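K.L.:
Using the sequences provided together with the hints, build the complete structure.
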Amino acid sequence: MKKVDTVKLISAEGMEFVIDKEAAMVSQTIRNMLTSPGGFAEAEHGEVTFPEISAVILEKICQYFYWSLQYSRGKETEFHIEPELTLELMMAANYLHT
Amino acid sequence: MSNQKKRNFHIEAFKHRVVVDPKYAEKIWSILEHAIHEIYNHNASGLSFEELYRNAYNMVLHKFGEKLYSGLVTTMTAHLKEISKSIEAAQGGLFLEELNRKWNDHNKALQMIRDILMYMDRTYIPNTHKTPVHELGLNLWRDNVIHSSKIQSRLLSMLLELIHRERTGEVIDRGLMRNIIKMLMDIGSSVYQEDFEKPFLEVSAEFYRRESQKFIECCDTGDYLKKAEIRLNEEIERVTHFLDVKSEVNITNVVEKEMIANHMMRLIHMENYGLVNMFLDDKYEDLERMYNLFRRVPNGLSITRDVMTSHLREIGKQLVTDAEKLKDPVEFVQRLLDEKDKYDNIINQAFCNDKTFQNALNSSFEYLT
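For the protein sequence lines, the chains are G and E, in the order given.
Residue numbering for the first sequence follows UniProt numbering, starting at 1 and increasing by one per position.
Residue numbering for the second sequence follows UniProt numbering, starting at 1 and increasing by one per position.
Hint data in this document are derived by calculation from the structure and do not stem from the laboratory.
One should not assume that every hint holds.
Pairs of lysine-lysine residues, derived as DSBU-like cross-links and limited to a Cα-Cα distance of at most 35 Å, are as follows [unchecked claim]:
hint: 1; chain 1: E; residue 1: LYS63; chain 2: G; residue 2: LYS21
hint: 2; chain 1: E; residue 1: LYS182; chain 2: G; residue 2: LYS8
hint: 3; chain 1: G; residue 1: LYS21; chain 2: E; residue 2: LYS27
hint: 4; chain 1: E; residue 1: LYS27; chain 2: G; residue 2: LYS8
hint: 5; chain 1: G; residue 1: LYS21; chain 2: E; residue 2: LYS108
hint: 6; chain 1: E; residue 1: LYS257; chain 2: E; residue 2: LYS325
hint: 7; chain 1: E; residue 1: LYS227; chain 2: E; residue 2: LYS182
hint: 8; chain 1: E; residue 1: LYS63; chain 2: G; residue 2: LYS60
Derived Cβ-Cβ restraints for the label pairs, each shown as a range [said to hold, decoys possible]:
hint: 9; chain 1: G; residue 1: HIS80; chain 2: E; residue 2: SER190; range: 51 to 59 Å
hint: 10; chain 1: G; residue 1: LYS75; chain 2: E; residue 2: ASN139; range: 41 to 49 Å
hint: 11; chain 1: G; residue 1: LEU87; chain 2: E; residue 2: ASN139; range: 38 to 46 Å
Bear in mind the structure is a predicted one, so any value in this text is a computation, not a measurement.
Even glycine gets a Cβ: it sits at the ideal position worked out from N, Cα and C.
P.N.:
Right, dumping it as structure tokens:
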């Protein structure tokens, strides 16, 4: 079931998350990364490493991407954020322009 | 339990700030500077977007945005100066091609740089009201390349020369022209106007002044008007192919003034070939052409109308004196109606059924009767 349109996001610890490109592009930063002209390494290999984002946060962010897509399609659920994640999550969101 | 976690957070945040000192900023900046070099040298594939973006992000986040911005300006300026030299070194015809190639390179590099510095664009720049990266890149290109003393005049003279060659019948590389002109428009419409359009219009006026002088000496009205029409259409076509659409009205004004308005009286009253002769010889095509060209210049049509009116009165007088000699009223009326028919047709077919001409015609005939 390997769809070609996926990207791999790698956390600081090396944990890999494979998600749809459409989901990843919810982040403006990732969108720029993948669509920038000039062949940066990420676009070439389809994988992005985030040495400053931990796996826990990165996982939450991936969940957020999918939730965001669902929400824009009309499925209006709530996105729950554990309070201890809030600071790091917000910093990551700022970084990723999400 | 959760209290402890919260305390952990505070300590981590504190650690963040300690790491930040000028040496750290220097280090990050040199990474970014190196990356910009690589980008300009077409070597970007080895670079990691994320790493560069993160470095730029950290610099801005830790209040080193100023250093990043000024470093960007310095580095880009240095690169553009080098690029400038290589363009200046290009020989003859290759000059425009080299300029075009470097412009495309610069645009691509600029986009990449803007992407990695996106965070600065989003946060630092609006706060300090500085020029955003993309616009900055265009301005630096303008200042260091287009307005560099050696390039500015050479660029203009090459553009004008190519246009002149095309006017004298040569085939030129229109795609290249289009790209260069578009470059000038992208940098700023004032650049396009000052650096190109104004001199272009002056040179064109001179060209058409000389050309119209040459033609009017050797051509009759019909031929001259044909040539003028060809030139006018040529200029319009040129604009659609590679100039700014706003230039169309400017260049057509130049052609209209130099080729038509300046010689209008001479064309109308030319012996054996002027307007009156066209009427007498039923030269519909020439009349139509004259109408279409003269309507473009101020007073063109009113003068034509006046000449037509006085000519009709002449005809009328002629008919009346003839009728007196022949003493045949039917013949007189017939010929009057024939003349009216003829001019009705002319106005209909050659003058676009122009009401003002129709009125002039009617009032002339009323004057007779």
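K.L.:
Starting from the hint list further up, note which numbers the structure goes against and sort them upward.
P.N.:
Of the numbered hints, 2 and 6 do not hold.
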